[in-house]
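Visitor: Convert by adding 767 to the 1-based position in the sequence shown; the result is the number in this note's numbering.
Hints in this document: simulated from the structure, not taken from any laboratory.
Quick caveat: nothing in here was measured; it's all calculated off a predicted structure.
Do not take every clue at face value.
Claimed, not checked - 16 Å max Cα-Cα, derived EDC-like pairs, lysine to aspartate or glutamate:
id	residue 1	residue 2
1	LYS1024	GLU871
2	LYS1036	GLU889
3	LYS974	GLU844
4	LYS1024	GLU969
5	LYS939	GLU868
6	LYS991	ASP1033
7	LYS991	GLU961
8	LYS974	ASP840
9	LYS917	GLU889
10	LYS1036	GLU851
11	LYS939	ASP855
12	LYS991	ASP964
13	LYS974	ASP955
14	LYS939	ASP864
15	LYS846	GLU979
16	LYS939	GLU997
17	LYS1036	GLU961
18	LYS1036	ASP855
Said to hold, decoys possible - Pair ranges (Cβ atoms, derived):
id	residue 1	residue 2	range
19	GLU969	THR886	26 to 36 Å
20	VAL863	THR968	50 to 60 Å
21	ALA843	GLU822	36 to 46 Å
22	GLU871	PRO899	26 to 36 Å
For every residue, glycine included, the Cβ atom is placed at its ideal position computed from N, Cα and C.
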Amino acid sequence: MFKNILTRSRQLINPVARNLSLTTKQSNVAAESEATSTAQAPLAAPLILVQNYTEYPPVNRNATRQAWIENTDTVAERKVGLIELHPDVFAAQPRVDIIQENVEWQRKYRYVSMAHAKTRAEVRGGGRKPWPQKGQGRARHGSIRSPLFKGGGVIHGPRSPTTHFYMLPFYKRVLGLTSTLSVKLAQDDLHIIESTDIPTTEPQFIKDLIEERQWGPSVLIVDKADIFPENICYATDELGYVNLMPTFGLNVYSMLKHDTLVLTVDAVKHLEQRLLYQLHRNDAFSKGGKFKLDQV
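Take the sequences, apply the hints, and build the full model.
Guide: Structure below.
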């Protein structure tokens, strides 16, 4: 009788004890995992921004480029992520001839020559005939301000203002941007930052940032928006070798003029979107026509 009661009590008590022990172990494991995750939170894996190739498939998928995303909140460099760059924009064949044509175009299209030479009608003097038409054995002349005389007018001289404006073909401008971006990335002169927010307005912070990360003697910082944060505007205002530029103003001449090109993540995405659209647009033939001054 007593043995049956003991056996029956064991059958009732053992499952309850086992469940209590399992519950205790699970709670301990959960607490340990939570503590471990809390301790390892600052050491989380960096963000990876993967490229989307569905809309604009690249010519060569194997030419994909990647770049680190750097921080700007401290002078010390910290890799906060990894971004995948589209090969049609950042791994294009570097056409040095097209880059040179873009530079010459940008140097000339806004240049106006003010060189001016006077014609015989504009030179002072020479109103009367120097000598009679006939009778003295001299060649006939009507004015001492003729181009044949010293101090006279100039034939076919420069006339101001003379513009040197011409428009480079559309796709040479597009290929100039892709070639220059690819060259900057290949030469390790292109850096990508998460944003243009810096913690202070002191120019010394930008100087230390450039020296610590070896960004070169001149830096061009490009963001998607045309309005930059207040801190970076004040910090770079006194530095003539650091310039700020929105993406819609990015050009070949400015990229080559500065040793280091710094792009934000938003600027990279915006540049890829706009350049890939131009490279894959359906009405590309119409963009190859002759430039008209009244076109929009």
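Visitor: Which hints, by number, does the structure contradict?
Guide: Failing hints, ascending: 2, 4, 13, 16, 19, 20, 22.
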